[in-house]
Amino acid sequence: MEDYIELGYWGLFLASFLAATVIPLSSEIVLSVLIANGFDFIFCLLVATLGNWLGGLSSYGLGWLANWKILERYFGIKQEKVFAIKKYINPWGSPLAFLCWLPLVGDVFAVALGFFRVSFPKVSLWMLLGKLIRYTLWGLFTLWGIRFF
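The sequence shown: position 83 = 83 (the working numbering), numbered continuously.
Do not take every clue at face value.
Unchecked claim - Capping the alpha-carbon separation at 30 Å, the derived lysine-lysine pairs in DSSO-like fashion look like this: (1) LYS122 <-> LYS86; (2) LYS69 <-> LYS87; (3) LYS69 <-> LYS86; (4) LYS122 <-> LYS78; (5) LYS81 <-> LYS122.
To be verified - Each pair of labels, with its calculated beta carbon distance range: (6) TYR9 <-> GLY93: 32 to 40 Å; (7) ILE146 <-> LYS78: 36 to 44 Å; (8) GLY76 <-> LYS122: 40 to 48 Å.
Because the hints were derived from the structure by calculation, they are not lab data.
Predicted model, so just to flag it, every value in this text is computed and none were measured.
Built from N, CA and C at the ideal position, the CB exists for glycine as well.
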C-alpha cells in the first residue's frame with residue numbers, strides 16, 4: 001500500500017483500477033491516507049472513481065471476450081458463478097452494474113454483464129454512478145473521522 005500512497009494521485013488511480021478487477025486490493029486505504037494528508041478531496045474522489053470505473057469496465061470487457069480457460073486459470077472466475085448470476089441479470093439488467101463496487105461479487109457481476117452482452121452504455125452509466133457514490137461516502141466518512149478523532 002505504501003507504494004501506491006507515495007505515488008499520490010497516480011497511486012490512487014492505479015489502486016482503484018486494480019481493486020475493480022479480480023485482484024484483491026483495498027483502494028479505500030489509499031484514498032483515506034491521501035485525504036488525511038491534505039490531498040484535494042474532490043480530485044481524490046474523481047481519480048478514485050475514474051480508476052475504479054475503468055477497472056470495472058475492464059472486467060466487463062473480460063466477460064465480453066470470455067475465454068473460460070483463461071478466465072478460470074488466471075482470474076479465478078468460474079463459469080458456474082457467472083451463470084448463477086444470470087438469474088439476477090434477467091430481471092435487473094444494466095442497473096445491476098450499480099452494485100459492481102461490492103467486494104467479491106462485484107467483479108463477477110461485471111464479468112457476467114459483459115458475458116451476457118448487457119448494453120455497454122447503460123452498464124457504464126450505472127457502474128459509474130455506483131462507484132461515485134461509494135467513494136463519495138467513503139471520503140465523507142474519512143473527513144468525519146479526521147474531524148472527530
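Against the structure, the hints come out as follows:
no.	hint	result
1	LYS122 <-> LYS86	holds, 17 Å
2	LYS69 <-> LYS87	holds, 23 Å
3	LYS69 <-> LYS86	holds, 20 Å
4	LYS122 <-> LYS78	holds, 25 Å
5	LYS81 <-> LYS122	holds, 22 Å
6	TYR9 <-> GLY93: 32 to 40 Å	holds, 34 Å
7	ILE146 <-> LYS78: 36 to 44 Å	holds, 41 Å
8	GLY76 <-> LYS122: 40 to 48 Å	violated, 27 Å
Comparing the model with each numbered hint stated earlier shows that hint 8 is the single one that does not hold.
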